[in-house]
Structures are given as C-alpha cells and as structure tokens.
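A.B. asks: So the protein lines, in turn, are chains G and W.
Following the working numbering, the numbering of the first sequence begins with 1 at its first residue and continues without gaps.
Following the working numbering, the numbering of the second sequence begins with 359 at its first residue and continues without gaps.
None of these hints come from the bench; they were simulated from the model.
Among the clues, some could well be false.
[Stated by the list, open to error] Here are the simulated BS3-like pairs of lysine-lysine, each with C-alpha atoms no more than 25 Å apart in a straight line:
(1) G:K350 with W:K605
(2) W:K533 with W:K563
(3) W:K605 with G:K348
(4) W:K563 with W:K510
(5) W:K396 with W:K533
(6) G:K129 with W:K503
(7) W:K503 with W:K522
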Amino acid sequence: MFYREAGDFKTSYAEDTQTFPIRFDRYRYFAVLAVAFLVVPFVINDYWLNAVFLPFLIYSIAAIGLNILVGYCGQVSLGTGGFMAVGAYACYKLMTAFPDVNIFFHVIIAGGVTAAVGTLFGLPSLRIKGFYLAVATLAAQFFLVWLFNRVPWFYNYSASGQINAPERTIFGIPVTGAETAPWATYLLCLVFLTASALIARNLTRGMAGRKWMAIRDMDIAAEIIGVNPLRAKLSAFAVSSFFVGIAGALFFAVYLGAVEVGEVFGINKSFLVLFMVIIGGLGSIFGSFAGAAFLVLLPVLLKNLLVGGLGWPTDLAAHLEFIIVGGLIVTFLVAEPHGLAQLWRVAKEKLRLWPFPH
Amino acid sequence: MNEMNTEGYVTEDGRKIGGVVMEMRNITLRFGGVVAIKDISFDIRQGEIRAIIGPNGAGKSSMLNVISGFYNPQVGEVWYKGERRPQMKPYQVARQGIARTFQNIALFEGMTVLDNVMTGRLRHMHAGLVAQSLWKGRAEAEEVKNRESVEKIIDFLEIQHIRKTPVGRLPYGLKKRVELARALAAEPSILLLDEPMAGMNVEEKEDMSRFVLDVNDEFGTTIALIEHDMGVVMDLSDRVVVMDYGKKIGDGSPDEVRNNQDVIDAYLGVAHD
Ligand SMILES: Nc1ncnc2c1ncn2[C@@H]1O[C@H](COP(=O)(O)OP(=O)(O)OP(=O)(O)O)[C@@H](O)[C@H]1O
Ligand SMILES: [Mg+2]
Chain G
1 MFYREAGDFK TSYAEDTQTF PIRFDRYRYF AVLAVAFLVV PFVINDYWLN AVFLPFLIYS
61 IAAIGLNILV GYCGQVSLGT GGFMAVGAYA CYKLMTAFPD VNIFFHVIIA GGVTAAVGTL
121 FGLPSLRIKG FYLAVATLAA QFFLVWLFNR VPWFYNYSAS GQINAPERTI FGIPVTGAET
181 APWATYLLCL VFLTASALIA RNLTRGMAGR KWMAIRDMDI AAEIIGVNPL RAKLSAFAVS
241 SFFVGIAGAL FFAVYLGAVE VGEVFGINKS FLVLFMVIIG GLGSIFGSFA GAAFLVLLPV
301 LLKNLLVGGL GWPTDLAAHL EFIIVGGLIV TFLVAEPHGL AQLWRVAKEK LRLWPFPH
Chain W
359 MNEMNTEGYV TEDGRKIGGV VMEMRNITLR FGGVVAIKDI SFDIRQGEIR AIIGPNGAGK
419 SSMLNVISGF YNPQVGEVWY KGERRPQMKP YQVARQGIAR TFQNIALFEG MTVLDNVMTG
479 RLRHMHAGLV AQSLWKGRAE AEEVKNRESV EKIIDFLEIQ HIRKTPVGRL PYGLKKRVEL
539 ARALAAEPSI LLLDEPMAGM NVEEKEDMSR FVLDVNDEFG TTIALIEHDM GVVMDLSDRV
599 VVMDYGKKIG DGSPDEVRNN QDVIDAYLGV AHD
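Sequences and hints are given; from them, build the entire structure.
C.D. replies: Quick look at the structure:
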C-alpha cells in the first residue's frame, strides 16, 4: 500500500491546512462517504437501522458536540443527557406548534435553543473549573430532567407525561411517526452527521479551535496573549450544546418516536456520551465517531456472540459489557487520553514509515 | 549617556530611538503586606531595548505583570502611546499590541508549534463563527494570509523542522524559542520578555541574544526584557532599570548603571537599613 506523504508536495498553505493532507486519506474519506450515501441506503433493514445505524449516527453527533467542550476546550460536562432533552423537547414543541414548518428546520432550531440553554449553564465555568464545574453541570442535568417532568406545558399536558413525535415528512417522504422507511431516517441522520462533522472540523482547525485549545492547555497564558476567556468558553458551550441538541432532537423524533425524559435522557446518557468521547479520543473529531461506533457495537456484538452464539444468559452478557467498558475507560484515561483515535494515528505513523522505520 | 530629548536619541551603534511609547508613573503594587513595587516610574521609548534587572524577588516580573494588565497597581498610572490607560483585562492589553513571554514557559502544550504561533495572530483575525464553520470567505482568506506571516516568523527563528510537532515534546531551549515566536506573531508594538535566556546553555543564550537583536533590528520592535545574566544585559540593552526590594535604584545606560554605587551595593549584598 502506498501510504505516503512523499511526492505529495503542498504548494500552498491552503492545501496544507486541508482536512486530509495525505492523498490516500482523502480517497478513503470519499470512499466512506460514497458507501454511506450510495450503498447503505439500498441494503439497510429495520434491524440494522435500529440496532446499529441510527444510534451510531446520532450518538456521533452528540459525541462531536461533547468533544468540542471537553476535548477541545477542557471544560468537563456531565449534563449531556439534560441538553439532549432540551433538544428533544424543543423539537417536540416546535413540531406541534408549527406543523407546517419542515421538521428539518425544527431540528436545527432545536439545536439553537439548546445552544442558548447550554450557554446559560456554561456561565459558572467562568468562575469554577474541573471537578466543581462537573458538579455544576450535573446539577443542570438533574434540574432539566426535573423541569421536563414537572412542567406539563413541555409535554403538552399529555396524560402519560410522555412526548410523541407526530408524522412529519421531507419532500413528501415520512421521516418521523410510524410509517417511516429505514433508508429515509438513515439518510436524514446521515446528512445531519456529515454536516456536523464538517462544521466541527472547520471550527477546530481554525481560530475558534485554537482559542478553545489555548484555554484548555493554559487559561492564564491564553488570556495574556489576547483570548477573551468569557467568549471562548461560552462559544464552546454554545457550539457543543448546538450539536448535542440536534442529537437529542433526532434521538427523540427520528429514532425513538416517544420519550419519557427520565428514562431516555437521564444521567446514564451523560455518562454514555462522555465514555464515547474518552474511549474515542479527547480532542479528535474522528475519535468521536470511533467512540460512538465502539459503544454502540459492543453490546450488539456481545449479545449476538454470547447470548445468541454461546447461549449465555442475557444479564451475564450485560455485566460483561459493564466490565469491559469500565476497564477500557480506566485504561484509556491512564494510558492513552487521546483514545482510539491516537492508536489509529500511531498505526498510520508506523505505516507511513514502513518498511523502513528509520 | 547619549543625548536625550522628547524626540528620542541615537544609540552608540547608530540606531535611532524614538519618543516615549510606554510610561509607568509612580507605580505601587502590594500583595497583602508585601510591597512588590514601591513608587516606581520609568519609560520605554520607541525602538529601544530596555532591560529591567535586579536581585531575586526585586519585583521585576511583577512590573511586567502590571504592564500586561495581569496585576492592577494600587497606586500609579500606566501611559501608553500618549494616553493614560484605563484599567484593562490582560486580553485587552494584548489586543492593543503588547505581547510577552513568561519566566516559566507558558505554551499550549497540547497544540503543535504551528498552532501555538498561529494563536499569537489572533488580534489580526476577525472572522465570525459562522464564516469559520464554513471555512469560506473571510475565514479562509484570513487563515491563508496569517499563515504566511507566521511562516515568516518560523523561518526567522529557525524552527521550520518542528512546525507540526506538539509543543509538549520539545526540549526546553526550543520551547523558549517557540514562545518568542508566538509573541512575535502578534506583531506587537512592545514585546515583553521575562528572562528569555534563563536555564539555557551558552550556545542557546547566544542564539537567543541574536534573535532579540534581530527582532529589534528587522522589525523595529520595542523590547523590554528582564535578565539575570549581566553580560547579556550589557550587550543587548540600550537603557537599564535596576530594581531592588521593589524600589528603583538605578536607571540609565548600561555603563551608567554599572558604575552606580547603589547598584553595586545591591548586587554585592550590602546590608539594608
Ligand atoms: N501573586 C503574588 N502574590 C503574593 N506575592 C507575590 C505575588 N507575585 C509576586 N509576589 C511577591 O512580590 C515580590 C516580587 O516578586 P517578583 O516575582 O516580581 O520578583 P522578580 O524580581 O521577578 O524575581 P525573580 O528574579 O526571582 O524572578 C516577591 O516578594 C514575591 O514573593
Ligand atoms: Mg521574575
């Protein structure tokens, strides 16, 4: 395989800052995109959609969002579940209040609403850091779930206290409700994920990303060279919550269709997305994908292998999953904070020099 | 000493020094009971290399911190470009064109050398978040244009080979150089260097001295630096402020300062009354 920089000279700075400076990476990226858009929609069925693809696509968006805050800007958040709930409820209220507006815009506006709420809850980050900030975001998590449970306006006074997504279409094709086709919901989420990843990548390779990372690495030095800490931190909270809100909206409207807030967007969700970011790699867009894929696939794999293949009881397989995830979190936190993305990078580094490593 | 007036003076090596860009007037800075700076006044002139020297704990770093807005003095005024500077946050001071390096290196360890230096350009980059998120228009144009200026500085300081290396992996001497690059990237009107040569070997010190002189010479940057190595100070600087226990005990050309009795006493450790 010719995985080389040699002979692939950059003649301008614009070329050097592109997302995939190595030609082979660029080709692989286009190949993945082509398969995702042109092949998968034709072969996808309900099982793969609900067990693997929708959760993977939606969690990837959430993980990208959280990674911007935690991995790039260094501000810990345990409020992801609560912010996803904001996205979900904003989307629900918009869908029911403005049934004539396309759901596509509802999802984006839900992201905007979540960005505003996230910025508000990001205000304490100007005073507190690390562990204390984590506790403050945890408070946000519990407060938001409590709010959506207790204030009937949010669930339109329904008797069950749940929210249910009515049927909505894009170009006449249903994407929410009971009558959806697997390829349609898949493509909708894929479009949102692709756009989110591109936007996140552009932000993180430019000045916004540098300011966030400067705050993360040494906030005092960042301020003394001209970074306004207030704006840098709040913009990280806003952008991060925007993506998390979109993920929450899609999770509710497209994936589940009906949501009971405490069950779906509880503290477990906050930890799940945080684990994706840690296992995938802090400060890496690719890592957000890797972490989401890993934590979505692991239970599916274990279930098929152990329960389906070896006849283990289901709860035993679930316990094993906890043990594996727990072990990996500890390993990555101690040995490789940059996660799967870094392992991949090291492997590529070796490959670039192969077969003459010196 | 050289002839001096409001327009400036000419140094021994023939460089023209201009009028006053920064003036500290009667600065007093206290930390609780500790008086770090006691009623100090001095000025910095356009294009000169101004040294601040003094024994450990004299208050030199505190003085730089006052200039860069990190500490607010209890008494005194800071005048910049002919205007009294109101109380400002450090990032506002930076955006006015005052850049600095730190006594204990303060780089962004997780970022590459290139990103560290690019961050130094932030006062020249104004694209909004939306433009940046699309990498279009002003955002893209700014990235390319500022990258060009940054590459010039990278060439100038001879750090091309480590451009893409994360700063955390660099040895001490190179880190000091990257920090200088980041400060220079701002194209500051005043550059503050807090012990740029501390902890370096002779060769590294020579390199760094050359860079400081070249920066001043090629870009005409005004430099205020703190340094302990007297040889270096005497070679580099045009005028020297001497501090001891928070007080100013000398101010003048290197020769004047060297022959000042108070300075000699302070450095020889004569008992204070
Ligand atoms: N943030 C602070 N809080 C309390 N005291 C401080 C603080 N910063 C400096 N000081 C005190 O102010 C005095 C001057 O310190 P400063 O760091 O300015 O000295 P310096 O001349 O730079 O010394 P050195 O050569 O060791 O770097 C010292 O007594 C120091 O302990
Ligand atoms: Mg000092």
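A.B. asks: Going back to the hint list, which numbers does this structure go against?
C.D. replies: Of the numbered hints, 1, 3, 5, 6 do not hold.
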